[in-house]
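Peer 1: For the protein sequence lines, the chains are W and D, in the order given.
For our numbering, add 824 to where a residue sits in the first sequence, where the first one is 1.
For our numbering, add 6 to where a residue sits in the second sequence, where the first one is 1.
In case anyone wonders, no lab produced these hints; they're calculated from the structure.
Hints may contain errors.
[To be verified] Derived contacts from chain D toward chain W, CB cut-off under 8 Å, selection only: (1) 34; (2) 128; (3) 129; (4) 159; (5) 161.
Bear in mind that the values here come from a model prediction, so they are computed numbers and not experimental data.
For glycine and all other residues, C-beta sits at the position ideal for the given N, C-alpha and C.
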Amino acid sequence: MTPHHQYDEERLAQLLKILPPAPEGWVRAAQELPQARREIDEIAERAERDAQFRAAVEADLESALAQAGYDVDPSLLPELRDRLTST
Amino acid sequence: MTSLATVADADLVARCRQGDQEAWAELVNRFSRYVYAIAVRVYRLPEPDAEDVFQEVFTRTWQHLDELRDDTAVRPWIATLTRRLCVDRLRAGAREAPVEELADVEGTSDELEGIDEALMVHEAMKQLPEHCAEILDRFFARDESYRAIGEALDIPPGTIASRISRCLRKLRAQLEGRNSRFDPSDD
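Chain W on its own, in the form it takes in the complex (with noise of 0.2 Å):
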């Protein structure tokens, strides 16, 4: 990093606005992302291992996972459908 050995007010002010927030949103959903991929992988091993419950993820995905009490955030759904077409 090319280091200023000298900051004024004016050039600090400019470097503090380069960096405004991400969307609050997009930063949630990125630190929950280690939760999220376990349970995708906890719902593809268990539809993997119960007939039952991957009849009903193929059936109707998102019923039948409100139903079995996971919480899946949608954005994260395409993903979960590929990979229990994939298993």
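Got chain W; can you put chain D on it based on the hints?
Peer 2: This is chain D only, laid out in the frame that chain W set:
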């Protein structure tokens, strides 16, 4: 401010690798503005594309933390990943765009350097008393008015300008102290 906010990048990465959920949340928090600024400010991605890149950066970071050879290098690693994903996104979204336009976008090293420097300043701000970090962030980065800051922090709006000035002086002193110990091998 939690103690994790001041933990060094390398220690944070090590904790994330051990499955520490709070450390991961802090890592995302620490680099979220950085990734966002690269996507939106440097590559000027529209918000939906920027969001996809943002999530993909952190997904890959999480998936590949074990492969990071030098934990202290997580920032440049995230920067490279973000730039690559932004360029991929531009190429995929505008295949018919003239090649020179993409070349121009890729040649934005000055802006990237500015963002690196801004991140360093942002990190230095965390070492200031909490009210200073909060006031400076709200005024400059979040573009809040004196009135909004006064209401949020329960301080008279008439005192905010002088507080900002004092906090900027403290930040300056903090940075100049840091830079006098600057080691070129740090990056």
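Peer 1: Indicate, hint by hint, whether the structure satisfies it.
Peer 2: Going down the list of hints, with the structure as the test:
1. 34: holds (5 Å)
2. 128: holds (5 Å)
3. 129: With a minimum Cβ separation of about 10 Å from chain W (threshold 8 Å), the hint on residue 129 of chain D is violated.
4. 159: violated (17 Å)
5. 161: It is violated, given that the least Cβ distance between residue 161 of chain D and chain W is near 19 Å, above 8 Å.
Checked against the numbered hints given earlier, this structure breaks hints 3, 4 and 5; the rest are met.
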